Structure formats: C-alpha cells, structure tokens
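Participant: The primary structure of each chain is shown beneath.
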Amino acid sequence: MCTTCGCGDPELVPVELHEKILAGNDRVARHNRDHFVEAGVLALNLMGSPGSGKTAVLEATARAANGRWRLGAVSADLATDNDARRLEAAGIPSKAITTGQACHLDAELVHHALHDFPWRDTDVFFIENVGNLVCPAIYDLGQAANVVVLSVTEGEDKPLKYPVMFKAADLVLLAKCDLLPHLDVKVEKIEDALARVMPRRRMLKVSARTGEGMEAWIAWIEERRAPVVEKRKTLGVVTSAGPASAFSWGHVHGPGRGQGR
Amino acid sequence: MHEYSLIQSLVARVEAEARAHHAVAVHRVVVKIGELSGVDPELFRTAYDTYRAGTACERVELEMRRVEAAWRCPACRRPIEKGAVLSCPACGAPAALDEGSDAILLETIEMEVP
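Protein chains in written order, with this note's numbering: chain A, 549 to 809; chain B, 38 to 151.
Fair warning: there could be bad hints in the mix.
Said to hold, decoys possible - DSS-like, lysine-lysine: derived pairs with alpha carbons at most 25 Å apart:
| hint | chain 1 | residue 1 | chain 2 | residue 2 |
| --- | --- | --- | --- | --- |
| 1 | B | Lys69 | B | Lys119 |
| 2 | A | Lys709 | A | Lys734 |
| 3 | A | Lys781 | A | Lys709 |
| 4 | A | Lys737 | A | Lys709 |
| 5 | B | Lys119 | A | Lys709 |
| 6 | A | Lys734 | B | Lys119 |
| 7 | B | Lys69 | A | Lys779 |
| 8 | A | Lys737 | A | Lys753 |
| 9 | B | Lys69 | A | Lys737 |
| 10 | A | Lys753 | A | Lys781 |
| 11 | B | Lys69 | A | Lys568 |
Stated by the list, open to error - Calculated from the model, a selection of chain A residues having no Cβ within reach of chain B, i.e. all distances over 12 Å:
| hint | residue |
| --- | --- |
| 12 | Pro558 |
| 13 | Glu567 |
| 14 | Lys568 |
| 15 | Arg581 |
| 16 | Glu636 |
| 17 | Arg749 |
| 18 | Arg780 |
No lab work stands behind these hints, which were simulated from the structure alone.
All values derive from a computational prediction rather than experimental measurement.
Virtual Cβ for every residue (Gly too), placed ideally from N, Cα, C.
Could you put together the complete structure from these sequences and hints?
Facilitator: Take a look at the structure:
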C-alpha cells in the first residue's frame with residue numbers, strides 16, 4: 549500500500565464470527581424472559597400442528613384451574629382473531645397476534661404484543677404459537693418452557709417425523725385422548741417415538757372434552773411455577789406498589805401492577 | 038419457511054460487519070448448519086439466492102458446512118446409536134447433543150478492505 553495516501557492493493561480480511569444467525573432474536577427473547585422473571589409470570593410457549601387442539605387445551609385449562617391463577621394469553625394465527633376470542637370467552641384475557649405470512653412467532657412479535665397487554669397481571673401466561681410443527685421450534689420467545697400439543701389422530705410416528713420440535717419440548721400433551729377407543733392408535737408407540745427424539749421425555753394424556761389428565765397438567769404448571777414464584781421473592785419485588793428497582797428497562801410494557809419503567 | 042427470515046438476519050449481519058470494516062466487497066460467507074437445527078439446507082440456499090440480489094452478498098456464493106447430528110451420554114460420553122432411545126444404555130442418563138448438531142451459525146465472512 550502507498551504510504552503517502554493509503555491507496556493500493558486491497559486486502560482480504562477474514563472475520564471469524566461463530567455467531568448464531570438468530571442472535572438478534574435471542575437478544576429480544578432474553579429481554580422478554582427478564583420481564584417475565586421479574587414479574588413472577590410463568591410464560592409457556594404452546595406449540596403443535598394446526599388442529600392439534602391447542603386452543604381447546606387452554607379452554608379446558610381455564611376450567612380446570614378454576615380461578616387458582618390469573619391467566620393470560622397471546623394467540624397467533626396467520627389470519628383471524630378467532631382463537632383469542634375463544635380464549636376470552638373461556639375466561640382467559642387474550643390478545644391475537646396476526647402474523648400475516650409468517651409461519652412462526654419470533655421474540656419481537658411477542659415483545660410487541662406485551663406492550664399493550666396487561667401480562668403483568670397474570671400468574672400463568674400462555675403464548676399460543678402458530679399451528680406448525682417446523683418453524684416455531686427454533687425461535688426462543690423468552691418462555692420458561694415449551695409445551696407441545698400432539699393429538700392422538702396425528703399418527704404414532706409424528707415425533708420421529710418432526711424431531712426438532714419434540715427435541716425442544718419440555719412437555720408433550722397428548723390431546724384428544726377421549727378418541728382413543730375409536731382409533732387404532734397405540735399410545736405406547738407414541739411414547740416410544742418420543743423417547744427417540746426427546747431425551748427427557750415427559751408426556752401427559754389429556755382430553756379437553758372430558759377433562760381427563762387436566763389435574764396432572766395443572767400439577768405440572770404448579771411445579772413449574774414454584775421456582776418462578778421463589779425467584780420473585782428473592783428479587784424482593786412482590787409489593788403492591790409494583791416491582792422494586794432491581795430491574796430497569798426504560799420502557800413501558802402495558803398497563804398493570806408492574807407499571808413498567 | 039423460516040429460512041427466508043434466517044437469510045434476512047444473515048445478510049443484515051454480513052452487511053453490518055462489512056460496514057464496520059469499511060469493506061468495499063464481501064468475498065466469502067461461511068455458515069454452519071446442523072442436521073437437527075430445523076433448517077432445510079436446500080431451502081436455505083434457495084432463500085439466499087433469492088434474497089442476495091441488491092445486497093452486499095450479491096456476488097457471494099454461500100458456503101455451507103453441514104454437521105451430522107449425534108447424541109451421546111453426557112456422563113460417560115458413550116455415543117447413542119442413530120434412531121435409538123435417547124438415554125444412555127449404560128447409566129440411563131438422558132442423552133445430550135454433540136456440539137454443532139443443531140447449529141445455525143454464521144462462521145466466517147471474508148471481505149475486501151481498502
């Protein structure tokens with residue numbers, strides 16, 4: 549290179565990044581998670597095929613929980629706010645996220661939805677993802693756990709066909725179990741398939757229609773809530789005036805106790 | 038079809054890095070994609086080829102390093118056979134994925150700086 553003016557042969561520079569392509573999403577997800585933790589809200593990301601019964605499971609959850617927690621939900625679909633309206637009718641304050649062409653929720657869409665929803669006034673907050681067994685699996689939203697709803701009519705080998713989704717699951721709810729007597733489906737085969745894709749297999753058989761298994765599901769949520777409640781205590785932020793100054797994000801996340809700062 | 042949104046993030050990241058280095062051109066982009074990443078390599082490439090026009094990646098072929106997924110026991114390091122139940126046959130511990138098995142990484146960018 550010319551030492552007088554700097555002109556001359558260009559240089560090829562390799563930049564080693566080894567960085568997640570989803571790093572931007574993961575940053576927003578961490579931000580969401582911090583908010584949930586600070587407010588003592590258990591956030592659950594509910595995924596599953598279209599028609600697997602995610603909304604029906606939530607409706608049944610509201611019935612089974614019978615007022616023991618304050619519930620809330622955001623519900624995503626490409627079009628319509630039908631699911632959010634169903635959840636509202638079931639007693640779960642809800643907001644629709646209409647994704648347009650997007651086949652999955654990302655952390656930014658959830659973050660945006662939190663800004664005008666009183667999520668701080670909930671104990672258990674459901675994020676009902678777009679019905680899809682592929683794309684939602686790789687997007688962290690800031691949830692405490694992933695729950696995959698798999699209905700008995702979807703085929704015994706479904707977990708083997710969509711290993712990435714079931715690998716990401718903390719719990720599988722085997723839904724529509726009231727139909728089992730009418731089908732040639734063997735639950736053991738589904739359990740076996742899960743064991744080959746999900747290292748910490750956990751599955752509960754449920755029926756939104758009959759209420760079967762809902763107690764175990766409620767108990768699972770309670771078990772997951774314990775550390776969240778404990779964490780809030782250690783942060784010392786449970787006061788009627790809202791969270792203390794342990795956290796500061798400099799922006800408001802919807803109305804509610806927390807007030808956001 | 039989340040591959041398009043991944044490519045959008047990838048190209049934006051490459052362009053930001055190129056700007057930061059005042060690069061006049063980008064020559065190589067290397068990504069690492071694991072078998073259990075949830076990314077379809079062919080769709081990923083198609084999305085890249087569709088999206089790169091008019092960006093800093095316009096003349097750059099995408100180099101993709103693919104990683105085969107493998108599970109093993111986190112305690113005794115014993116590998117788990119493909120398709121087998123994901124717990125260690127010896128000690129029963131739940132299996133863990135080998136590094137890179139679910140990677141979606143931007144590894145290297147090579148750029149021309151004045």
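Participant: Compare the structure with the hints numbered earlier in the document and write down the numbers of the violated ones, lowest to highest.
Facilitator: Numbers 3, 7, 9, 10, 12, 13, 14, 17 - these are the hints that the structure violates, sorted from lowest upward.
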